[in-house]
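Residue numbers (our numbering), protein chains in the order written: chain A, 149 to 692; chain B, 51 to 372; chain C, 945 to 1105.
These are computed hints drawn from the structure, not numbers from a lab. Here the structure is a predicted model, which is why all the values come from computation and not from measurement. Honestly, I wouldn't trust all of these hints.
Said to hold, decoys possible - Once the Cα atoms are required to be at most 30 Å apart in a straight line, the calculated DSSO-like pairs of lysine-lysine come out as:
id: 1; chain 1: A; residue 1: LYS479; chain 2: A; residue 2: LYS585
id: 2; chain 1: A; residue 1: LYS475; chain 2: A; residue 2: LYS617
id: 3; chain 1: A; residue 1: LYS466; chain 2: C; residue 2: LYS1079
id: 4; chain 1: A; residue 1: LYS276; chain 2: C; residue 2: LYS1018
id: 5; chain 1: C; residue 1: LYS1039; chain 2: C; residue 2: LYS1079
id: 6; chain 1: B; residue 1: LYS88; chain 2: A; residue 2: LYS466
id: 7; chain 1: A; residue 1: LYS270; chain 2: A; residue 2: LYS617
id: 8; chain 1: A; residue 1: LYS472; chain 2: B; residue 2: LYS88
id: 9; chain 1: C; residue 1: LYS1055; chain 2: A; residue 2: LYS270
id: 10; chain 1: A; residue 1: LYS388; chain 2: A; residue 2: LYS464
id: 11; chain 1: A; residue 1: LYS476; chain 2: C; residue 2: LYS1069
id: 12; chain 1: A; residue 1: LYS617; chain 2: A; residue 2: LYS482
id: 13; chain 1: A; residue 1: LYS214; chain 2: A; residue 2: LYS276
id: 14; chain 1: C; residue 1: LYS1055; chain 2: A; residue 2: LYS275
id: 15; chain 1: A; residue 1: LYS466; chain 2: A; residue 2: LYS479
id: 16; chain 1: A; residue 1: LYS270; chain 2: C; residue 2: LYS1039
id: 17; chain 1: A; residue 1: LYS275; chain 2: C; residue 2: LYS1018
id: 18; chain 1: B; residue 1: LYS88; chain 2: A; residue 2: LYS475
id: 19; chain 1: B; residue 1: LYS123; chain 2: A; residue 2: LYS482
id: 20; chain 1: A; residue 1: LYS575; chain 2: A; residue 2: LYS175
id: 21; chain 1: A; residue 1: LYS253; chain 2: C; residue 2: LYS1069
id: 22; chain 1: A; residue 1: LYS511; chain 2: A; residue 2: LYS476
id: 23; chain 1: B; residue 1: LYS88; chain 2: C; residue 2: LYS1084
id: 24; chain 1: A; residue 1: LYS466; chain 2: A; residue 2: LYS153
id: 25; chain 1: B; residue 1: LYS123; chain 2: A; residue 2: LYS476
id: 26; chain 1: C; residue 1: LYS1018; chain 2: C; residue 2: LYS1084
id: 27; chain 1: C; residue 1: LYS1039; chain 2: B; residue 2: LYS88
id: 28; chain 1: A; residue 1: LYS472; chain 2: C; residue 2: LYS1069
id: 29; chain 1: C; residue 1: LYS1084; chain 2: A; residue 2: LYS464
id: 30; chain 1: B; residue 1: LYS123; chain 2: C; residue 2: LYS1018
id: 31; chain 1: A; residue 1: LYS466; chain 2: A; residue 2: LYS585
Unchecked claim - Among the chain A residues that face chain C by a calculated CB cut under 7 Å, a handful are:
id: 32; residue: PRO257
id: 33; residue: GLY367
id: 34; residue: SER451
The beta-carbon is built from N, C-alpha and C at its ideal position, and this holds for glycine as well.
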Amino acid sequence: MGARKIEETINAGIEDLRDTVRSYFDKGYNHIVTITGIDVGENIRLLYHMANMDGDLVHIATETSKKSLKVPTIIDIIPGAYIYEMEVHDLFGVNFTVNPWMKFKLLLPDCYPSDMPPPLWKEVDAKKVQQSLFSIESPACALKEPFSGVSRLSPESMVVPFGPYHPALKEPEHFRLIVEGERIVKAIPRIGFVHRGVEKAAESRSYLRDIFLLERICGICSFIHSWTFVQAVEKLLNLKPPRRAEWIRTMVSELERIHSHSLWLGLVGYWMGFDTMFMWIWGVRETIMDLLELLCGNRVHKSIVTIGGVRRDVTKEKLNTVIKQMKKFMKEFKQIMDEVLSYDEFIERTSNIGVFSAETARKLCTVGPIRRTIGDPYDIRKIEPYGAYEEIGFQVVTENKGDVYHAIRQRMREIYESARMIEVLAKEMPGGEAVPKRLFMGVVPEGEAVARGEAPRGELFYYVKSNNKHNPYRVKVRTPTLANITLASENLKGATLSDVPLVITAIDPCFSCMDRVAVYRKNTGEMFMLTEDDFRKLRRKWKP
Amino acid sequence: MIGEFLFNVLVFPGVLFSCAMAFWLQWLERKIVARVQKRIGPKFTGPSGLLQPIYDFLKLLSKEEILPEHVDKLYFRLAPILAVTVPVFGMLFIPITGVKTMFNFEGDFLLILLLFSFSVFATATAGYAVFSPYTSVGVGRLVVQYSIYESFMTLSLVLAAFQASTLSIYGLLEYQMLKGPLVLYQPLGFAVAVLALIAKLEKPPFDLPHAKQEIAAGWLTEYSGRGLAFLKLYKDLSMVYGISILAVTYFAGPLGPMFSANPTVMGLIYFGLKTLFIALIIILIRSIAARVRVYGLAEHFWIKAAPLVLFQMIIAFAARWL
Amino acid sequence: MRRTGKINRFMKRSLWLFHFNASGCNGCDIELAAAITSRYDTERFGALLVPSPRHADALVVTGAVNRLTRDALKFIYDQIPEPKVVIALGTCACKGGVFAGCYNVAEGVDKVIPVDIYIPGCPPKPDAIIEALAKIAGVKSKKARKMEVKESGSKEDRGDD
């Protein structure tokens, strides 16, 4: 269970691809994890990773030559796959027929030179792309719309940047909304503001250095990134880490989950206009940050996992501190949340917002707490256990309705569960060695491995292909928010403009948050953007 | 005469005094809100951060003023000045160190009420000046909110005047000298007036027209430098002005035991205490409340506050004729 | 693009920050947000986060600037009225950090706009941000750091006002 080497792939030709996918879909593999593209010289190899709810994975492989680059789309079978096809289209240049999203770029800047091959082809040199991209001066390249301030359009339209979080956490992103009147008809995600080219960079660094690179994909769930990557590499090396190391990793991972969920809860409070809740929860969250610093040395990028174990051990005193501080945190946290949830107005303002149905979530292959909110116990820690989860056992938390209020309850209860797990882990930590004698700097034999982890936001997927060198041949990351963005787009349909921030916050977006929400008026063809302040005002205007 | 006039207008209770009170209340609010949020608030600028609002103001004055492209330059510049003038003008009528100021006249109570409502015009001008359409949304929100709270504010205050059978501030004070502070007879009116004042000041929970008090947005976004400085000052001045009106109407302003012994000093002390009291109420509500939506706003006023006012009306009638 | 004018003494104690995330991983942003919350509290120095660049004095940039955000960054920089300060928060903003060499990354904010203050760290602890603000405000750092979280979670300040 857990990470595994890919022993066999189901090879399909281009023509049989759709039928193969459909046959597995009917067999119960209705959740597509991602589509990995690999440059294998003459061709581009595509791996479709499909999973069922019990933790089994199949990998369907197909190849297309670099000359033709045409593959049939599968979005009619699995609608949620469109985002992965967009990604492969951007990074490998593969055209999926007929996917209407193909004309939009997902990750790359619009001005990516068309004479240059797509970035993840082996023959492309990262430095050359960098030089060429940054020498293009035209600002119309990256984004056609102005960013803030003055509008040049009619009084109907508003042009200002939008950030979903407190001004502190403006992470740039972009949704193109097509509206009719005030209702949104379609929402097209346009991420890429945080696209740095990590997957390409991972190929030019050794496995050990990649740990530090990959954990900086995200600052909130950084540990699970490095851990999942290391799981895949350890499978390629047939290396089993010591039990104590697994326990330590699990403990840090749960601490990270608590910090991430409480961060989100604070932000939701901010969105409600409830500053005090935001300040209080973040104040209480500092206890967790202190614990992380105590155990790992850094509050955010823990870098404690390494191939073969962990980089430092924990002493008995530290574990006692963990137990004590967790008790303190839980007491304070519970106090705040009990008060907040007893506040009628709070319940009223979060219920029935961002409502989505279970079918939509399943169709779009949503992952993480937002999936569990509708009742599916889809938790990688349970269905594909790794670390110490199987040993200590835990309850998968689910709610039964898809709206913001239940998402809040979901994450709150997950915090309680994680706190309980941490106590168990700290009290019953097994003995033994946790730190490998030497850091791994060698060569990884040839093979492919996949690993999945349950990041605070959902299922995190890593695919690593090695070819007997110091550097990996290909590292593919599929973050949970990429999977959930499709749900946000879907939820936006039929919503009014005023709902947008809450709807998107509900999925707890990580690196994919929107900085810019561009709105197209379908009838007039005008385009404008909205600020968070707009949204707050609009919310009051149109919401009953 | 001229000297006294200038003194009144420029120093006390005119420009300088009002600005000083505005800064003082801003500091108070920031400290209390910070404490409620378990923080500390301004601390190093001046003793305990007292000079922070002044530093903010002076800093803004020294900044470059960026004029947005599509802007009506005249109104853009005019709006902040207009905004600041109105509350200062109103403060001239508030008796602080005595029962009369040199500007009082029969019917001045009406004037200060109307001035109070007039200041929304300044905000609307600011919104009009900037052609950014979302600004219009902000101003639109403002006008809607105005239409909801305004009637309640005026009605509560007029009930007070009704009970005292007078339309002059001096008359109100006279009445309260005899019968005691009006808040004893009209506590509901006072409560509704406070609520309406919070809505007027756009403080949480009624900060609909823009996101937050500290983080102004909406129509305020385009302002920088001097314009911003004055608009922020206007907000604080409104608070001073509104609280002063309430203090005079419901708590008899500068009056209190031993007032006649030394009107200047005692008046100042009592006035200070009463405004402090009302300010504390407003700040505390503001620091713990979450924002309401339009529905909530309407609910607060039309459903919850209206019965209170109506009931208060009955009491006022009774108190007047019994 | 040189900034004109110096920071005057009023600005030092009333520095309004506009935060901009230029392709960061969010780590620095969260530490910045943590710096304004109850344990660290930047408001002590008069530093606030403002939502509009027109109100701001300082632009705090996090993240290794990527191609898309490069233009946004330039635009926002122009919106901030003079005199202004640019703070590069985090190693990625200073020199590209761990993403140096990646194809979509301009290595460091100073390739796009002039930077006045560099705060390295991956991410810099909120203490580092407080220290930077304390230095700007001219408050002796020891005073600023004399804050302790008591057992009950409330803060107590031991320094003189």
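Going down the list of hints, with the structure as the test:
Between the alpha carbons of A:LYS479 and A:LYS585 the distance comes to roughly 40 Å, so the proposed pair goes past 30 Å and is violated. A hinted pair counts as satisfied when its Cα atoms are at most 30 Å apart, and A:LYS475 with A:LYS617 does not qualify at roughly 47 Å. Restraint check for A:LYS466 and C:LYS1079: not satisfied, since their Cα atoms lie roughly 34 Å apart, outside the 30 Å limit. Simply put, A:LYS276 and C:LYS1018 have alpha-carbon atoms about 23 Å apart, close enough for the 30 Å limit, and the pair holds.
In summary, the hint linking C:LYS1039 to C:LYS1079 is supported, as the alpha carbons are separated by about 22 Å, within the 30 Å threshold. The hinted pair formed by B:LYS88 and A:LYS466 meets the criterion: a straight-line CA distance of about 28 Å does not exceed 30 Å. Our distance criterion of 30 Å between C-alpha atoms is met by A:LYS270 and A:LYS617, whose separation comes to about 15 Å. The suggested pairing of A:LYS472 with B:LYS88 holds, with an alpha-carbon distance near 22 Å, which does not exceed 30 Å.
Straight-line distance between C-alpha atoms of C:LYS1055 and A:LYS270 comes to about 28 Å, which keeps the hinted pair within the 30 Å bound. For the hint pairing A:LYS388 with A:LYS464, the CA-to-CA distance comes to about 24 Å; that is within 30 Å, so the pair holds. Between A:LYS476 and C:LYS1069 the alpha-carbon distance is near 23 Å, which keeps this suggested pair within the 30 Å criterion. Among the hinted pairs, A:LYS617 with A:LYS482 is inconsistent with the structure: their alpha-carbon atoms are about 50 Å apart, more than 30 Å.
Restraint check for A:LYS214 and A:LYS276: the C-alpha separation of about 20 Å stays at or below 30 Å, so the hint holds. For the proposed pair C:LYS1055 and A:LYS275, the alpha carbon gap of about 16 Å is at most 30 Å, so the pair holds. About 20 Å separates the Cα atoms of A:LYS466 and A:LYS479, which keeps this hinted pair within 30 Å; it holds. A C-alpha spacing of about 26 Å is found between A:LYS270 and C:LYS1039, which places the hinted pair at or below 30 Å, so the restraint holds.
Taken as a hint, the A:LYS275 and C:LYS1018 pair is honoured in the structure, with Cα atoms around 23 Å apart against an allowance of 30 Å. Of the pairs offered as hints, the one joining B:LYS88 and A:LYS475 holds, with about 20 Å between alpha carbons and a cut-off of 30 Å not exceeded. Between B:LYS123 and A:LYS482, the direct Cα distance comes to roughly 53 Å. Violation of the 30 Å bound is thereby established for this hinted pair. Of the pairs offered as hints, the one joining A:LYS575 and A:LYS175 is violated, with about 43 Å between alpha carbons and a cut-off of 30 Å exceeded.
Proposed proximity of A:LYS253 and C:LYS1069 is contradicted: the alpha carbons are some 36 Å apart, above 30 Å. Distance restraint check for A:LYS511 and A:LYS476: the Cα-Cα separation of roughly 41 Å exceeds the 30 Å cut-off, and the hinted pair is therefore not satisfied. For the hint linking B:LYS88 to C:LYS1084, the alpha-carbon distance of about 23 Å falls within 30 Å, and the restraint holds. With a C-alpha separation of about 35 Å, the suggested pairing of A:LYS466 with A:LYS153 is violated against the 30 Å cut-off.
In summary, the hint linking B:LYS123 to A:LYS476 is not supported, as the alpha carbons are separated by about 57 Å, beyond the 30 Å threshold. Straight-line distance between C-alpha atoms of C:LYS1018 and C:LYS1084 comes to about 34 Å, which puts the hinted pair past the 30 Å bound. Of the supplied pair hints, the one linking C:LYS1039 and B:LYS88 is violated, its CA atoms being roughly 36 Å apart against a limit of 30 Å. Between A:LYS472 and C:LYS1069 the alpha-carbon distance is near 24 Å, which keeps this suggested pair within the 30 Å criterion.
Annotation: proposed proximity of C:LYS1084 to A:LYS464 is violated, straight-line Cα distance about 38 Å (limit 30 Å). Between the alpha carbons of B:LYS123 and C:LYS1018 the distance comes to roughly 26 Å, so the proposed pair stays at or under 30 Å and holds. Of the supplied pair hints, the one linking A:LYS466 and A:LYS585 holds, its CA atoms being roughly 22 Å apart against a limit of 30 Å. This hint holds: A:PRO257 has a C-beta 4 Å from the nearest C-beta of chain C, less than the 7 Å allowed.
Restraint check, A:GLY367 versus chain C: the minimum CB separation of about 3 Å is within 7 Å; hint holds. Interface restraint check for A:SER451: the shortest CB-CB distance to chain C comes to about 9 Å, outside 7 Å, so the restraint is violated.
Checked against the numbered hints above, the structure violates hints 1, 2, 3, 12, 19, 20, 21, 22, 24, 25, 26, 27, 29 and 34; every other hint is satisfied.
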